[in-house]
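Undergrad: Letter by letter, the chains look like this.
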Amino acid sequence: DGGITQSPKYLFRKEGQNVTLSCEQNLNHDAMYWYRQDPGQGLRLIYYSQIVNDFQKGDIAEGYSVSREKKESFPLTVTSAQKNPTAFYLCASSIDVNTEAFFGQGTRLTVV
Amino acid sequence: AQSVSQHNHHVILSEAASLELGCNYSYGGTVNLFWYVQYPGQHLQLLLKYFSGDPLVKGIKGFEAEFIKSKFSFNLRKPSVQWSDTAEYFCAVNAWGIGSNFGNEKLTFGTGTRLTIIP
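Protein chains in written order, with my numbering: chain A, 168 to 279; chain D, -11 to 107.
For the record, the hints were derived by calculation from the structure and aren't laboratory data.
From the three backbone atoms N, C-alpha and C, an ideal C-beta is built for every residue, glycine too.
Among the hints, a few may not be true.
What the hints assert, rightly or not - Quick list of simulated restraints, FRET-style, between CB atoms: (1) A:Leu194 with D:Pro28: 33 to 41 angstroms; (2) A:Glu236 with D:Asn(-4): 40 to 48 angstroms; (3) A:Ser234 with D:Thr18: 28 to 36 angstroms.
Claimed, not checked - A few chain A positions that, by computed beta-carbon distances, are all more than 10 angstroms from chain D: (4) Pro175; (5) Tyr177; (6) Phe179; (7) Gly183; (8) Glu191; (9) Arg211; (10) Ser232; (11) Glu236; (12) Lys237; (13) Thr266; (14) Gln272.
What the hints assert, rightly or not - Derived coverage of chain D by chain A (criterion: at least 3 residues anywhere in the stretch with Cβ under 8 angstroms from a Cβ of chain A; other residues may be distant): (15) 25 to 38; (16) 94 to 107.
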């Protein structure tokens, strides 16, 4: 089936550790996105990528890093510099930035 | 920078009531507008979208939205809600215009409206 796969669904990490969230899509989409969802704040854009080997900071990029070495993959690393990393993270992709985005199931990260 | 406002944070309605959820955006250029829905425990999915043409767009499950350019609005409506419409609803915008660059073309979401339908 075509779609966006985020793994794992739940992730626990100790404070001070970096953690990488996986996002893979087999839709042949050029654009990919990472959002963070917090209660009452909607979805806030962390990073996005229009094409392979290129990405741009979103509204809340501090403490996060990404790579886009392959079209189908857009991993997000939550670094120890992120002050409040516990959140629900959503990955999305679209044909290009001017079309609708398709979302994965999300990863709930808890840092203890 | 573009922004999206959803002023209704939590709406509670009885079944069969009519629904209107507000969405306003701030950007003067060309816009694409979306409404997404997140049912409990499920991933975000597209309800409807507006790119151009008829400003009244129809989506899935009986939802519709009207783009009013002069008011920078894209309100979501449904004439008669059902219990199964209980969900969180998000308005989203991406926009570009004269002088836009790579950084302007991102999909921006509102804070969401939680809709609770009472049977």
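Undergrad: Indicate, hint by hint, whether the structure satisfies it.
TA: These are the hints, each one checked on the structure:
| no. | hint | verdict |
| --- | --- | --- |
| 1 | A:Leu194 with D:Pro28: 33 to 41 angstroms | violated, 25 angstroms |
| 2 | A:Glu236 with D:Asn(-4): 40 to 48 angstroms | holds, 42 angstroms |
| 3 | A:Ser234 with D:Thr18: 28 to 36 angstroms | holds, 31 angstroms |
| 4 | Pro175 | holds, 15 angstroms |
| 5 | Tyr177 | holds, 13 angstroms |
| 6 | Phe179 | holds, 20 angstroms |
| 7 | Gly183 | holds, 30 angstroms |
| 8 | Glu191 | holds, 15 angstroms |
| 9 | Arg211 | violated, 8 angstroms |
| 10 | Ser232 | holds, 18 angstroms |
| 11 | Glu236 | holds, 19 angstroms |
| 12 | Lys237 | holds, 20 angstroms |
| 13 | Thr266 | violated, 8 angstroms |
| 14 | Gln272 | violated, 5 angstroms |
| 15 | 25 to 38 | holds (count 5) |
| 16 | 94 to 107 | holds (count 7) |
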